[in-house]
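> Top line first, the protein sequences correspond to chains A and B.
My numbering numbers the first residue of the first sequence as 1 and each following residue consecutively.
My numbering numbers the first residue of the second sequence as 1001 and each following residue consecutively.
Among the clues, some could well be false.
Claimed, not checked - Derived DSS-like pairs (lysine-lysine); straight-line CA-CA distance at most 25 Å:
hint: 1; chain 1: A; residue 1: 331; chain 2: A; residue 2: 271
hint: 2; chain 1: A; residue 1: 52; chain 2: B; residue 2: 1008
hint: 3; chain 1: A; residue 1: 332; chain 2: A; residue 2: 271
hint: 4; chain 1: A; residue 1: 11; chain 2: B; residue 2: 1279
hint: 5; chain 1: A; residue 1: 54; chain 2: B; residue 2: 1008
hint: 6; chain 1: A; residue 1: 11; chain 2: B; residue 2: 1008
hint: 7; chain 1: A; residue 1: 56; chain 2: B; residue 2: 1279
Hint data in this document are derived by calculation from the structure and do not stem from the laboratory.
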Amino acid sequence: MNLEVIWHDGKTSRAYEASLDFNETGFVRLSADNISLRYALSDIRSTEPVGKLKPKIYFPDGSSCELSDLSAIHPYLPKSSRLFEFIHRCESKFIYAVGVAVLSVGIFSFLILYAVPEMARQIANQLPPLIEKSLGRELLETLDRIVFEESSLTEDRQAHLSSKFLKSIEVMDSTTEYQILFRSSPKMGANALALPSGIIIFTDEIVELAKSDDALIGVLAHEVGHIEQHHSIRHVLQDSVVALLLVTITGDISSISSIGAALPTLMVQLKFSREFEAEADDFAIRYLIKNNISTEPLLELLKSLDAEYGEEDSMVSNYFSSHPATIERIKKLKHR
Amino acid sequence: MIENNNRKDFSFTGTATEFFGIWIVNILLTILTLGFYTPWAKVRTNRYFYGHTHVAGFNFDYLASPITILKGYLIAVVLFIIYIVVSTFAPGSEIIFFLLLMIALPFIVVRAMAFRLRNTAYRNLRFRFDRQYAQAAWVYLGIGILIPLTLGLIFPYFSYRTNKFLIANAGYGRSRFSFESGAGAFYKIYLIALGILIGVGIVVAIVMMPVIMQMQTAMEQAAQSGVEPDPAAMGAAMAGMPVLIYFLVLLLYFGVFIYIRTAIANLVWNNVTLDGRHKFESSLKLGRMAWIIFSNMVVIALSLGLMIPWSRVRMVRYRMNTLCLIPEGDLDTFIAAKAEEESALGEEMGDVFDMDIGGIG
């Protein structure tokens, strides 16, 4: 058998018209111009096929040529790996690629919706408290610098609320050491925050908005729910793993087009956030019922929060919100 | 300008459908192997893009071995884990890592370029990159440190020097690339960018001023006549303004950013010479670039990432369609250079620590 090819000697950029002669068993003879070379077939290396790229074969002296079709000399070549032949078949048939895509989407959904949250839960439960402590301290320092001002509540009021809150937490049998703080924050408005390691912060605005201490106990239970279930750490872990998965897909984060891929990631991260809020709500409801505290005051507080800061609830805003829709939260409280 | 009819257009023959298959299989295998397939995925992707890039009758080849890349990748990942662990337990140590990374930067850039170019071949002849560490340190650290000290005034010069460094140390076989632009052309691009920012800013201010004034008078009139203005409408108008302005500013920055990228890509390619005689010509159009980048972003977001292969093929195809080689004489006479094996460490370090190495492409 003879094949006409373009041959590059690997020493210059010249392109030779050459012919390959396979008539001698185990060898190939290459002739171009006045050059005549003889190679053992077992020494020839071919590139793994990628897409519809024409394969190239390399001779032991570093010279090479492109073949329009490897099948002509396939029997003579050393067997290429089965695995890569399979990979090539999957990527070159569009229908296979679609199958792979469906499988990938399935695996991604499983990872993001189930495996990653579960993994984060396991890790967060086993993490030494030391890490949460230093994380909480650092976060508090940052928040004090950028969003918080000193509370304008009287010392008496603060002390009264603190002791009342700590007493409410005592009945929960928690091993966490809680710390209640009050801060003023015009930037945040009425809000309460749970930082890892048991720091709970109430803004003056929410204390003033609440009509009764029982409403604040409801808020407290919600925040304790965040802390007992290690939401901060889990949130950080889940967000970083999802961001890592994004890098896997886009291949590089540096190209500007892949900013587009940040949107789906953001939506997933917001979904995590909503789930944590719902979990903390459930915790609060369980606590209130168990201790015979009415859910009514918390309900009222949520309603007035909604009236003050509420945005319209629509399908779109739900997907781009860090909290479940207030309507949903109120519904859940009413059901109890 | 030398008249030369012997122009050789670059072309890209890959298709989105074909690359989709390669891309999706890569992703699946990368997940199933917990990331260990990454080097193979990278090699297959690069081989696809290089192999479908043609000029003067021949295509390019990417020759790197996945195993070499895997070694560099593992070292980089180990370093990254050390960084994460140490910075978690010793907050504040990030700055030390940052400094170490800065010091290592010239080394990483040189190694990455050397690895990439040595594994790029055309007509079975490899490219190369001279390992000038001292020069790299001077350009990236020496001049780089002046950027904050001069309030950024030296940035166009820095951009000029890095491009010149990357090109003048590159070679094809024994032949060298050279870069013939001066720093002036870079200053011109950044000055125009600044001009656009200021100019558009003034226009927006002039257009918005009467609108704001009108709103104000409307409010005053309402207050005087004792009629309560509809609070909902007023609120919406007030809230809408900053969002609109924010969006316009973002769009403006985005446009200026694309302008700089496009103008510099053209400038650089139009001043590259191979072997002192072969020239290149790049004619990227700003409008087309902006359209491709913007629509790619939207399509990627709407398709939850599934259209990434399409967007990449589209971008590369446009870039290759606007690039051509203007050879002066024979392209058959390049001779191979002797070169040593290059480890992939530099390139993978750059990948893991997220740096865009080699700004020419």
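> Would you mind marking each hint as holding or not holding in the structure?
Do the hints match the structure? See the list:
Under the criterion of a C-alpha separation no larger than 25 Å, the hint pairing residue 331 of chain A with residue 271 of chain A is consistent with the structure, at around 19 Å. A C-alpha spacing of about 24 Å is found between residue 52 of chain A and residue 1008 of chain B, which places the hinted pair at or below 25 Å, so the restraint holds. Our distance criterion of 25 Å between C-alpha atoms is met by residue 332 of chain A and residue 271 of chain A, whose separation comes to about 18 Å. Restraint check: the Cα-Cα separation between residue 11 of chain A and residue 1279 of chain B comes to about 23 Å, which is no more than 25 Å; the hinted pair holds.
Taken as a hint, the residue 54 of chain A and residue 1008 of chain B pair is honoured in the structure, with Cα atoms around 21 Å apart against an allowance of 25 Å. In summary, the hint linking residue 11 of chain A to residue 1008 of chain B is supported, as the alpha carbons are separated by about 23 Å, within the 25 Å threshold. Straight-line distance between C-alpha atoms of residue 56 of chain A and residue 1279 of chain B comes to about 28 Å, which puts the hinted pair past the 25 Å bound.
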